[in-house]
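**Student:** So you can see what is in the structure, the chains are spelled out below.
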Amino acid sequence: MTTIQARFQLDYGDFKLDVDLKLPGTGITVLFGHSGSGKTTLLRCIAGLQHAPQGKLEINGSIWQDSERGLFLPTHKRPLGYVFQEANLFPHLTVRDNLHYGLKRIKQNPGTVKLEQTVELLGIGHLMERMPERLSGGERQRVAIARALALNPEVLLMDEPLASLDFKRKQEILPFLSRLHQQLDIPVLYVTHSQQEVAQLADTLVILENGQVLASGPLPETQSRLDVPLAQDREAATVWQATVAEHETDYHLTRVDFAGGSLSLPAVDAGIGTPLRVQIYARDVSIALAVPAATSILNVLPATVTGIIDGRDGQTVVQVRLPRMAEVSQSAGNLCDQAGNQALLAHITRKSALMLGLQIGMAVYVQIKGTSILN
Amino acid sequence: MLTPADLGALFLTFKVASIATLLMLLFGTPLAWWLARTRSAWKGVINAVVALPLVLPPTVLGFYLLVLMGPAGAIGKVTTWLGLGTLPFTFPGLVVASVLYSMPFVVQPLQAAFTTIGEQPLEAAATLRASPLDSFFSVVVPLAKPGFLTASILGFAHTVGEFGVVLMVGGNIPDKTRVVSVQIYNHVEALEYSEAHWLAGGLLLFSFSVLLVLYTALKTHPVAHPLK
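Protein chains in written order, with the working numbering: chain C, 1 to 375; chain X, 1001 to 1228.
Next comes chain C alone, as it looks inside the complex (with noise of 0.2 Å):
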C-alpha cells in the first residue's frame, strides 16, 4: 500500500528540513503546518523543484532521488502534476493552450478524453479561448489543476492551491477539489496551513513544524493525537468517515454508521450508503460517567478513555476512543482494558475533569452535541 517513500535533509543555515516519510499511494495527503514549518521546501524537493543534498525518494517503484547514488531526476522527467498557491499560468497562451502545453510534451500520450474530463469535472470548458488575465482567481486555479492533471500524472502535488484566493473563491473550489478526491485513483500531495482544507480534504496527515515531522498517519489518528498542538486547538476537531444508513423522515434526521457505531445528524440529502465525512469539534464533546436519564443531545455513545493531557485556560483534552463492547458498557466508571479504533477529541473543564475522576482506560459515554458534515 505505500507507494511514496521520501527522504530529505537540506540545511540552509537558519531553516532545516529533515524528514522521513512513507505516504500511502491513494487519497490526499494533506503536509500541514505553519509558515516556515517546511511543507512547501518538502513538496518542492518531492516535484524536484529544490535540490536537497541528502535525500532518497521512491515513488510508485520508481526511484526520483537517491543522493548516495548520485541520482536526481530533473522535474521536467517527473511524471509529476504540481498546483502552485498562485496559478502560475502562462500569461501568452490562452487556456486551451495552457492545457495543451504539458500534454504536447508527453510520449505516452493520454489523449485528449482525459484532458476533457478534467475539463468538465472543473468546469472551464466556456473559458478555454481566453487569456488568463481574464480569469477570476478561482477559475485560474481551476484552470492550474486541470493543466496539472491533464498529464495522467503519477502523483499530484498541491502547493496551498487555495491560500490566494479569498472566502467565496475557496467555496467555489473546494467543491471541486473534493470531487476530484472521489474520482482521481493518484495520490495527492496537498499543502495547506487551514485547519478547514485538513478537515474536508485529508484521508493522511501529515504535521510538520520546524522542518521536521510532528506527527503523520490517518487523519483523525493524527488529528486525535495529545501529543500534538493541533488537539489543544480551540479549533480542535475530529472528522469520521461515515455512510448514510437511514433516513429518519418523521424527526428530519438522517442516521450514519461509523467505525465506532452511528450517529444522528441532521437530515442529509444523499442516498443510503453515500459516504460523508462527519467533523465533530471537540468543544462540542462531553463526557459522562453513567447514561445519561434523561437528555436532548442525540448522540450517547459507549467509549474508553485513551489519553487525558492539561489544556490552556483551564482546559482538559480527552482523548476516548469507540466503540466499547456492550459487556464493558454495564461497567461505565470502570476501568477496561478494550478500547475500539475510532479516536475522537472532548475539552472539557478541568474541573470537570477532577471531579469524574477520569483515568486513563476509563470506560465513559460521550454526548456529542453538535457535528458538521464536510461534503
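These aren't lab readings, by the way, just hints derived from the structure by calculation.
The C-beta atom is built at its ideal place from N, Cα and C for all residues, glycine as well.
With a straight-line Cα cutoff of 30 Å, these simulated DSSO-like cross-link-like pairs (lysine-lysine) come out:
| id | chain 1 | residue 1 | chain 2 | residue 2 |
| --- | --- | --- | --- | --- |
| 1 | C | Lys77 | C | Lys16 |
| 2 | X | Lys1043 | C | Lys16 |
| 3 | X | Lys1145 | C | Lys104 |
| 4 | X | Lys1145 | C | Lys77 |
| 5 | C | Lys369 | C | Lys168 |
| 6 | C | Lys107 | C | Lys77 |
Computed footprint of chain C on chain X, listed as stretches where at least three residues anywhere in the stretch have a Cβ under 8 Å from a Cβ of chain C:
| id | segment |
| --- | --- |
| 7 | 1121-1134 |
| 8 | 1138-1144 |
Got chain C; can you put chain X on it based on the hints?
**Tutor:** Then chain X, alone, in the frame of chain C:
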C-alpha cells in the same frame, strides 16, 4: 538633396547596424540570461564590463580596439594567423567595434526582461515536462518579446548614432567605413551646411521616432506583470 556619397554612407550605416544588431542579439541573449539568473560572484564584474561603453569616451574604447586589433595586438595576431589580415579600417573591424560599443543597449533590456519573468513560469514549464531549452523558447522568448524589441531597436539606433569609435577604428573610407555620422562631419568640415542638414535632420527624425516607439507603444506591454 542627398549626393551619391551620402546614399553610400546611409546604406553602409544600415548595413553595419543590421549586422551588429544580429550579432549582439546572438551573443547578448545568453549573456543577459546568465546575468539575470546567476548567483556567481562574477556577476558584478561582468555587469560592470558590459556597461563600460555607457560611460567611457568612445575614443578610449576605439583606442584600445585599434591597439588590440592592430598587427601587434592580441586580436590582430589571431586574425592575421587566420589569414584575415588586420581588422582596423575594414568593414568587419567596424562591425566588431560597433558590437562592443552598443552591447549594453542590448544586454540591459534583455537582462531586465529576463529578471522580471522570474523563476515561476520556468518552474511551471518544468512541471509540464518542458526541458530548460524548450522552456526558454516556449516561455521565456514570448514573455520577453518586449525586451527583445527594445534591445533590437536600441542596439540598432545606438549603432547608427556612433561616431567616435567609428572614426578611431574604421576611419573615413567611402563605402567601407564612412557611415552617416562621419559623412555629416565631412560635410560640416567642408562647410556644406545644406548637405549636412539633410543627413543630420534625417538622423534626428530617425532617433526621435525610435524613442517615441519605445516610450509609447512598448510601454503598455505587460512585461512588468508577466504572470497573472
